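Protein chains: 2
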Amino acid sequence: MNNSKTMDAQPCPVARSLDVIGDRWSLLVVRDAFDGVRRFSDFQRSLGAARNILSDRLRRLVDAGILAVQPAANGSAYQAYVLTEQGQALFPIVVALRQWGEQHLFAEGERHAELIEKRTGRPLHFMAPRAADGRVVSPDETEVRKLS
Amino acid sequence: MNNSKTMDAQPCPVARSLDVIGDRWSLLVVRDAFDGVRRFSDFQRSLGAARNILSDRLRRLVDAGILAVQPAANGSAYQAYVLTEQGQALFPIVVALRQWGEQHLFAEGERHAELIEKRTGRPLHFMAPRAADGRVVSPDETEVRKLS
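Sequences listed follow chains A and B, in order.
One point on numbering: in the numbering used here, the residue at position 60 of the first sequence is 51, and numbering is uninterrupted.
One point on numbering: in the numbering used here, the residue at position 140 of the second sequence is 131, and numbering is uninterrupted.
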């Protein structure tokens, strides 16, 4: 990615995250991985990405420790790409992207896929940033304390 | 962005969100806007982005209804870019990116900028996806219900 600053020197956690996953295809791969997609050909079918783009993004995600390559569970020759623990920890980011999209990018009454809790079949709660005491906070109630 | 599928037809809210903001520079602009950056030259200084890239991303964010252009508050000739209500609603996404970066991209003891609640000076609570009843859910307790 064409970053002009060296991210390793970036004290901002948002910038460091974006250096690793701040790209549409990477995040779509991660979304698909959460949905259980594991094989190259299945990612390709789901995303409609060019082969070289998908290869590149999978390799970057493996290099970043977000996906791990495993032999396929059924003993076939296919490799499987699975989320590592660090990759699983991207769940809040994917949920936040989903919830913003649901609220702002669909027309009233337009249907969309929904993320539900399996046990109850109910959609997840809206995920809002909260203060240490658990109260929901708005952006203007917060500030970034930079490194001095 | 080089999407091969038309996003307007995408039933997945994650894909639609990424079509609008799934790009490292766009999300860094949004991060800066939350931090109070408003002028072109200040975004440029903060991001180290090339002028044409920054212009392009600001225009896209305005077109998408995430930023609005306003005359500068002090009456000068400079335009100010401010988050709209839809842009303010990106707060959970930026917080999720921040918290993942904090937890996974810094060495033990390495310092980073922190997002705090102004009133208390304390860092925000870790933001986790929750079921409708408020319980924290892991990815494997959830599934996407696709449109039939």
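Source of the hints: derived by calculation from the structure; they are not laboratory data.
One or more hints might be untrue.
Unchecked claim - Pairwise CB distance ranges (calculated):
1. A/Ala119 to B/Ser32: 28 to 34 Å
2. B/Thr75 to A/Pro62: 46 to 52 Å
3. A/Gly100 to B/Glu101: 43 to 49 Å
4. B/Gly125 to A/Ser32: 37 to 43 Å
5. A/Arg30 to B/Ala68: 54 to 60 Å
6. A/Ser67 to B/Gly56: 43 to 49 Å
7. B/Glu134 to A/Arg126: 44 to 50 Å
8. A/Phe31 to B/Arg113: 43 to 49 Å
9. B/Phe31 to A/Pro2: 22 to 28 Å
Predicted model, so just to flag it, every value in this text is computed and none were measured.
Ideal placement from N, C-alpha and C gives every residue a C-beta, glycine not left out.
Please check whether A/Ser67 and B/Gly56 have a Cβ separation lying inside 43 to 49 Å. Between A/Ser67 and B/Gly56, where Cβ atoms are some 47 Å apart, the hint holds.
Distance restraint hint 44 to 50 Å, applied to the beta-carbon atoms of B/Glu134 and A/Arg126: 30 Å, violated
Taking 22 to 28 Å as the stated bounds, is the beta-carbon spacing between B/Phe31 and A/Pro2 within them? 24 Å, holds
If you check the beta carbons of A/Phe31 and B/Arg113, does the distance land in 43 to 49 Å? 45 Å, holds
B/Ala68 and A/Arg30 - C-beta distance against the hinted 54 to 60 Å: 56 Å, holds
Measuring from beta carbon to beta carbon, are B/Thr75 and A/Pro62 in 46 to 52 Å? 49 Å, holds
Could you tell me whether the CB distance from B/Gly125 to A/Ser32 stays inside 37 to 43 Å? Hint holds: Cβ distance 39 Å, inside 37 to 43 Å.
Given the hint of 43 to 49 Å, is the C-beta distance from A/Gly100 to B/Glu101 inside that range or not? With Cβ atoms ~48 Å apart, the hint holds.
Should the hint that A/Ala119 and B/Ser32 are 28 to 34 Å apart at their CB atoms be regarded as holding? With a Cβ separation near 33 Å, A/Ala119 and B/Ser32 satisfy 28 to 34 Å, so the hint holds.
In summary, the one numbered hint that this structure violates is 7.
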